[in-house]
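Chains A and B, in that order, are what the protein sequence lines are. Residues in the first sequence are numbered from 1 upward in steps of one, following the UniProt record's numbering. Residues in the second sequence are numbered from 1 upward in steps of one, following the UniProt record's numbering.
Since the hints were derived computationally from the structure, they do not count as laboratory data. By construction, the Cβ of each residue, glycine as well, lies at the ideal position given by its N, Cα and C atoms. Among the clues, some could well be false.
Some but not every residue of chain A turned toward chain B, in silico, with C-beta under 10 angstroms [claimed, not checked]:
{"hint": "1", "residue": "His-124"}
{"hint": "2", "residue": "Met-199"}
{"hint": "3", "residue": "Arg-209"}
{"hint": "4", "residue": "Arg-235"}
{"hint": "5", "residue": "Trp-504"}
{"hint": "6", "residue": "Met-581"}
{"hint": "7", "residue": "Ala-583"}
{"hint": "8", "residue": "Met-596"}
Stretch by stretch, here's where chain A covers chain B in the computed footprint (C-beta under 8 angstroms, at least three residues) [stated by the list, open to error]:
{"hint": "9", "stretch": "131–137"}
{"hint": "10", "stretch": "210–217"}
Below 30 angstroms or equal to it, Euclidean Cα-Cα: the simulated BS3-like pairs (lysine-lysine) are [what the hints assert, rightly or not]:
{"hint": "11", "chain 1": "A", "residue 1": "Lys-198", "chain 2": "A", "residue 2": "Lys-66"}
{"hint": "12", "chain 1": "A", "residue 1": "Lys-198", "chain 2": "B", "residue 2": "Lys-31"}
{"hint": "13", "chain 1": "A", "residue 1": "Lys-66", "chain 2": "B", "residue 2": "Lys-204"}
{"hint": "14", "chain 1": "B", "residue 1": "Lys-204", "chain 2": "A", "residue 2": "Lys-198"}
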Amino acid sequence: MSFSSKSALTRRRFVTSLAATGALTQTRSAHALTTGQTLLPGAIPPIAQTHYDLTVGRTAMTIAGKSLNAPCIDASVPGPILRWREGDDITLNVTNNLRVPTSIHWHGIRLPAPMDGVPGISFHGIPAGETFTYRFPVKQSGTYWYHGHSSMQEAIGLYGALVIDPIAPDPNACARDYVILLSEWSDVAPHDIVSNLKMQGDYYNFRQRSLASLFGEARQDGLGPALHDRLRWSRMNMSATDISDVTGTIYTYLMNGQAPDQSWTGLFRPGERVRLRFINASAMTFFDIRIPGLEMHVVQADGNDIEPVPVDEFRIGVAETYDVIVRPTQDRAYAIFTQSESRTGYASGTLAPRPGMRAPIPPMDPRPVRTMVDMGMGNMHDGMKMEHARKPAPAQHDDMPDVDMGDMKMDHDDMADMPDMAMKPAAPPIQRDDPGPPPINVENQNVAMMPTDRTGSPGDGLENNGRRVLNYKQLRATRPGSDPRPPTREIVLHLTGNMERYIWGFDGKKFSEAAPIVLRRNERVRFTLFNDTMMEHPIHLHGLWSELENGQGEHRPYKHTIISQPGSKLSYLVTADAPGMWAYHCHLQYHMDLGMFRTVVVL
Amino acid sequence: MKKTLLLALFVVAPTAHAQTATPPAYIDGMKPIMDESNYFHGILNQFEGRYAPGGSAFRWDGQAWYGGDYNRVWLKTEGTQQRGHLSDGDQELLYSRAISPYLNLQGGIRADLDDGPERTWGALGIQGLALYQFEFGATAYVSDRGRFATRLEGSYDFLLTNRLILQPQAEFNLYTKSDPRRQVGAGLSDVDTGLRLRYEIWRKFAPYIAVTYSGHLTQARRIAHDQGDPTGTLRFSFGIRSWF
Ligand SMILES: [Cu+2]
Chain A
1 MSFSSKSALT RRRFVTSLAA TGALTQTRSA HALTTGQTLL PGAIPPIAQT HYDLTVGRTA
61 MTIAGKSLNA PCIDASVPGP ILRWREGDDI TLNVTNNLRV PTSIHWHGIR LPAPMDGVPG
121 ISFHGIPAGE TFTYRFPVKQ SGTYWYHGHS SMQEAIGLYG ALVIDPIAPD PNACARDYVI
181 LLSEWSDVAP HDIVSNLKMQ GDYYNFRQRS LASLFGEARQ DGLGPALHDR LRWSRMNMSA
241 TDISDVTGTI YTYLMNGQAP DQSWTGLFRP GERVRLRFIN ASAMTFFDIR IPGLEMHVVQ
301 ADGNDIEPVP VDEFRIGVAE TYDVIVRPTQ DRAYAIFTQS ESRTGYASGT LAPRPGMRAP
361 IPPMDPRPVR TMVDMGMGNM HDGMKMEHAR KPAPAQHDDM PDVDMGDMKM DHDDMADMPD
421 MAMKPAAPPI QRDDPGPPPI NVENQNVAMM PTDRTGSPGD GLENNGRRVL NYKQLRATRP
481 GSDPRPPTRE IVLHLTGNME RYIWGFDGKK FSEAAPIVLR RNERVRFTLF NDTMMEHPIH
541 LHGLWSELEN GQGEHRPYKH TIISQPGSKL SYLVTADAPG MWAYHCHLQY HMDLGMFRTV
601 VVL
Chain B
1 MKKTLLLALF VVAPTAHAQT ATPPAYIDGM KPIMDESNYF HGILNQFEGR YAPGGSAFRW
61 DGQAWYGGDY NRVWLKTEGT QQRGHLSDGD QELLYSRAIS PYLNLQGGIR ADLDDGPERT
121 WGALGIQGLA LYQFEFGATA YVSDRGRFAT RLEGSYDFLL TNRLILQPQA EFNLYTKSDP
181 RRQVGAGLSD VDTGLRLRYE IWRKFAPYIA VTYSGHLTQA RRIAHDQGDP TGTLRFSFGI
241 RSWF
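Please work from the sequences and hints to get the whole structure.
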């Protein structure tokens, strides 16, 4: 165990005192452990377990006035926080009390393919009334999560956090350690949401440009340019305000299952280091996270340790996880403020020295407005980027983050990602599987003519906001990657979609029309993604690591979910070291279910 | 179990290249996602009372469809009720095929069903979104009696605010031959147009007020005039736009 018994005791005492005051007691989300002890939302169980009996069932709940009979785990949303330990063999008996099949997928966990939990690909699902036993060794540590992978059950409540203790002492162990799981809550059923979007792609967008908003734009940019920009978007039959398909119009955003007015609270003593494990378990929402008044040190991305990056704010894509450490010194409450990218709502909670304290919630930022960069028309202010757009993984020295990177050493090895560089021994010729630009067809609205490398950008709505915002180039693994081989093959994929018809896919094809992607066992492959759509897509490869080529050389970060920004290109390396069939998809629930999904076969 | 799975994979995916033609064998034939679902939606674009000193009328114009991303069945219906008399009745049953990002090819039958003499037509047209988010439809018809006709429809949504929407709309009908019993003239025969201001209380329910004009044009105008009917009427209207 990485936590000293002292800190575990602190946590237990904290839980007890909270229960006594009743300030935060919420039986709905509380999970009864086998020991009979009850944990509050966000509280990590004091010890790791190897054996679990979990039940999937429907539970009626009302949150923020929205009632739902949610399929969830052990009658709580989110499900219980599971704590494992690296090196242990885990057994999970999952019993399905629903009337329909279900499944649980262990997101980001490296395990044998039949244990991955995707019906049709890994196993036959868990039929109604039956129990399935997941059994696998845990070969990693960090913050992860689990969720359903059957008929959009995940979007309603079938998700929970996973915390895995490392075998070696945890360099990021803190006096306080909380899970902060973000999600959405709605009383509109997923199938109704999809159906509405099929009829009207902007059904949930009430933040579009209108005559009323023209005055503001004209004041800012001048009437001529404002009108010109509108006409340009209109000519393309697209909307510059197409930020999120589903918004705060129907969603209540939750932190550890609690609505903003419930204000989930984590306690601290001034001066203590507090670790916050952020998990974006939402179906459709990107969150921008900050704690006004506190500097956050990002120490882990998708479960893997990175060199700490001090930031004021960061974006978390759907299915990503980030661990941050904060050190509040003042005897006051701090707001954990996580606004949705569409700025139609936020989840929020509190860090406080005592229960019941609240901190002021900052106003939401203006919603982003898409630009021609998002349409893949290049960055008009930066000819360099345009020029290099089609080259794989440029390591742009002049794009290096300008924030203080602490004791990072990046003077010599950040060139290692450049496959064509003469300083490296001649790399084997790389085979390119590149279909070329996708066709404009029923399933594809756009082709990015000049896709840019946007890994140095924090994302739409976060650029130049006066705060230090995390970007992908800053993620630097604390350890070099385990596979130093250069890739022998590059698989180029275009992310495509038609917002008007609400169809999503790769290369202008949805899942049901496409063949699987086949990898040879232990093959080293580069995936290159061109995003021809004007939206972010969090792309998730099951079962294998995705090593983002972000200019950090052999210290490139290992991720399970990578945000592809609109109009961008990026690449990552994959070692196909786990045989079997794996799911590969956009983690926006309704993009995945409407076609942005492929099967990856490792032979 | 792992071994049999791998064996199955070898059978279905014999080459080790990126893409194979054969889809993988999904366990129990179960697909991980359902991207081929069918949907059913209907919309009443016009459901309105039209008021004028010369005579009030009630008009509807709606369509419904069932199907998936490419293939759908459409039902279109419109008609005008005036002084107990049903006119402009038009019912169409169409098969629709998506052919480009925004356009659908539609073909089927049209029946002019109202208090006038019945006519049936074969229909072939295009419906969808033109540039600048302009909704349009253009359909050619051929009747059982060897006549030809064309209908052009278009509308545009101007967002005054995100819920208050101004929509100009027009429908024109052209015929190759006159059909006086249906007050149809050769050439541009009639127009039905409106300027509607709707408020979307929620997306699926929007009351509106409107100014509408419906009338006969060119030769049809003389036919209507000779039959003692009004040739064109401008009316104040209100109604409900609704869909499911
Ligand atoms: Cu997506």
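Verification of the hints:
1. Taken as an interface hint, His-124 of chain A checks out: its beta carbon lies about 5 angstroms from the nearest beta carbon of chain B, inside 10 angstroms.
2. Taking 10 angstroms as the C-beta contact cut-off toward chain B, the hint placing Met-199 of chain A at the interface holds, the least distance being around 5 angstroms.
3. Evaluation of the Arg-209 of chain A hint against chain B yields a held restraint, the C-beta minimum of about 7 angstroms falling below 10 angstroms.
4. Contact between Arg-235 of chain A and chain B, as hinted, is supported at the beta carbon level, the nearest pair being about 5 angstroms apart and thus within 10 angstroms.
5. A hinted interface residue such as Trp-504 of chain A counts as satisfied when its beta carbon comes closer than 10 angstroms to some beta carbon of chain B; here the least separation is about 8 angstroms, so the hint holds.
6. A hinted interface residue such as Met-581 of chain A counts as satisfied when its beta carbon comes closer than 10 angstroms to some beta carbon of chain B; here the least separation is about 6 angstroms, so the hint holds.
7. Checking Ala-583 of chain A against chain B by beta carbon gives a least distance of about 6 angstroms; that is within 10 angstroms, so the hint holds.
8. Annotation: interface hint on Met-596 of chain A holds; nearest CB of chain B at approximately 9 angstroms, less than 10 angstroms.
9. A stretch counts as covered by a chain when three or more of its residues have a beta carbon under 8 angstroms from one of that chain; for the stretch 131–137 of chain B and chain A the count is 3, and the coverage holds.
10. With 0 residues bearing a CB less than 8 angstroms from a CB of chain A, the stretch 210–217 of chain B misses the requirement of three and the coverage assertion fails.
11. For the given pair, Lys-198 of chain A sits about 24 angstroms from Lys-66 of chain A by alpha-carbon distance, which is consistent with the 30 angstroms threshold.
12. In summary, the hint linking Lys-198 of chain A to Lys-31 of chain B is supported, as the alpha carbons are separated by about 21 angstroms, within the 30 angstroms threshold.
13. Distance hint between Lys-66 of chain A and Lys-204 of chain B is fulfilled; the C-alpha atoms sit about 20 angstroms from each other, no more than 30 angstroms.
14. Between Lys-204 of chain B and Lys-198 of chain A, the direct Cα distance comes to roughly 14 angstroms. Compliance with the 30 angstroms bound is thereby established for this hinted pair.
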